[in-house]
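Anchor point for the sequence shown: position 24 equals 24 in the working numbering, and the numbering is continuous, going up by one each time.
These aren't lab readings, by the way, just hints derived from the structure by calculation. Heads up, a few of these hints could be off.
If you anchor each label on the Cβ, the simulated ranges turn out as follows [claimed, not checked]: (1) Gly136 to Thr111: 16 to 26 Å; (2) Pro168 to Arg14: 19 to 29 Å; (3) Tyr41 to Ser8: 30 to 40 Å; (4) Ser109 to Asn73: 16 to 26 Å.
Quick reminder that beta carbons are idealized off the backbone N, C-alpha and C, glycines included.
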Amino acid sequence: MAMNAQVSINEYFRLPHTEREAEYVNGSIVERTMPDFLHSYIQLRLGHLLTLALQRYSGYYVCFELRMRVQPNVIRILDLCILNYKADPDSAPTTPPLLAVEIISKDDSYTDVLTKLREYHQWGVRNIWLIDPRLGQLAQYGAAGLLQVDELTLPEFGFAANLQALLP
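Please take these sequences and the hints and turn them into a complete structure.
See the structure below:
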């Protein structure tokens, strides 16, 4: 839900921490839904599996809930991402990650999630994954839109995970 008052991006970054858990879209503060159990569990499990797959490679960072500047006036908070660079700890990175992941929670709007996936693609993210545990679906997003898949893969790292590997 967006607040009605317009704020500048500089004002957004000066908000108290609890209010900065929201995203920023073209002058509006947009509240995010709170993750539920499945969302939280899958986020941690996927992060763990990705960390194990990447441990042989240097310069890759698995991050949770990272605030990123996907457009000059849009700040999104990615559920999970892999950076292939070391980010400035005091700013919202402007360089696309290697991977962006969104996990659907019970209260998420598919329209809002698809908007984010489109933004990530336009920003230049090469690997975009969507996990919907309630529908039992995994998907990749790209130029052709959302494509349902049986497993999420990063072949260059020998990584593959199906939904059963991510569920409790």
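Verification of the hints:
Separation of glycine 136 from threonine 111 is about 21 Å and conforms to the stated range, judged on CB atoms against 16 to 26 Å. Evaluation of the 19 to 29 Å hint for proline 168 and arginine 14 yields a failure: the beta carbon distance comes to about 39 Å. Range check, tyrosine 41 to serine 8: about 37 Å between beta-carbon atoms, so the 30 to 40 Å window is met. The hint said 16 to 26 Å for the Cβ distance between serine 109 and asparagine 73, and at roughly 21 Å that hint holds.
Violated hint: 2 only; the structure is consistent with all others.
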